[in-house]
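**Q** Please arrange chain L on chain S, whose structure you already have, making use of the hints.
Here is how the chains run, residue by residue.
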Amino acid sequence: MPERTVSIASSVGLHARPASLFSQAAAKAGVPVTLTTKAGKSVNAASILGILSLGIGHGEEVVLKAEGDGADAALDSLVELLSTDLDKE
Amino acid sequence: MADTALTSLLAEESIQLDRTAVDRFDAVRQCGAALVAAGAVDESYVDAMIQRENTVSTFVGEGVAIPHGTLAGKESVKRDALVVLRFPEGVDWEGNAVSVCVGIAAAGGGHIALLSQLAEILLDPAKAEQLRTATSSEQVYALLTPSDDDDD
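If you read the sequences in order, they're chains S and L. Per the UniProt record's numbering, the first sequence starts with residue 1, numbered consecutively. Per the UniProt record's numbering, the second sequence starts with residue 1, numbered consecutively.
The shape of chain S in the complex, shown without the other chains (with noise of 0.2 Å):
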């Protein structure tokens, strides 16, 4: 299965904005996506709440997996979606 780590560019890390915009790009991706902490907890991508729960700072890392059609094309744009600081408006 198609996998990236990548650390979480966002200065207050991934929740709130960052949080929202990454769900929502992550339920448009076509194909399930995971997200697994560092810590091993593993949650459904494009649910905010699963997300949040995890409550990952800033720097932290975190790997994206997703199976099927696309699943690498979906998992680079995510990557770069978490590499930005999404929290500058």
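Some but not every residue of chain L turned toward chain S, in silico, with C-beta under 7 Å:
| id | residue |
| --- | --- |
| 1 | G61 |
| 2 | L115 |
| 3 | A119 |
| 4 | L123 |
Simulated DEER-style distance windows between Cβ atoms:
| id | chain 1 | residue 1 | chain 2 | residue 2 | range |
| --- | --- | --- | --- | --- | --- |
| 5 | L | E138 | S | A73 | 43 to 53 Å |
| 6 | L | N54 | S | K28 | 18 to 28 Å |
| 7 | S | D72 | L | G39 | 44 to 54 Å |
| 8 | S | K28 | L | T145 | 30 to 40 Å |
| 9 | S | T84 | L | A97 | 26 to 36 Å |
| 10 | S | E80 | L | T55 | 11 to 21 Å |
| 11 | L | R79 | S | A39 | 22 to 32 Å |
| 12 | S | E60 | L | A97 | 28 to 38 Å |
| 13 | S | Q24 | L | D23 | 13 to 23 Å |
| 14 | L | S8 | S | S83 | 29 to 39 Å |
| 15 | L | R79 | S | D85 | 24 to 34 Å |
No lab work stands behind these hints: they were computed from the structure. Values in this document were obtained by computation on a predicted structure and should not be read as measured data. Think of the CB as a built atom: it goes at the ideal place given N, C-alpha and C, for glycine as much as any other residue.
**A** What follows is chain L alone, placed relative to chain S:
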């Protein structure tokens, strides 16, 4: 764990379970006003909350929204606090029905731990349902109290 208890941030006066709002911005303003009344934020934080709502909806699912300020609004936070406002008739949140708003004031990184605890609770559909239908502050406090799994 060093997590701040959610209940310690929530004053009893900040639990208002029978509100009505004409739209989501009205609901956000009411959450802001409750945070101002609790002495947690300056008036300007309310504008920061509206700004946040304008940029990205704070709807998180389960009929719940979590209005809070932008990063720029953090300077108007005097202390971390929560307010719980319930709208039994529901508020239209860009096509989603919201019946509970948890307004959040957080100055530092405490934000993340706080949201994480709240999200953990809402991920349990039974607890989310109880929050949507709560009619007393005791019920709200009970829901926000972490359940100790020390039973056996």
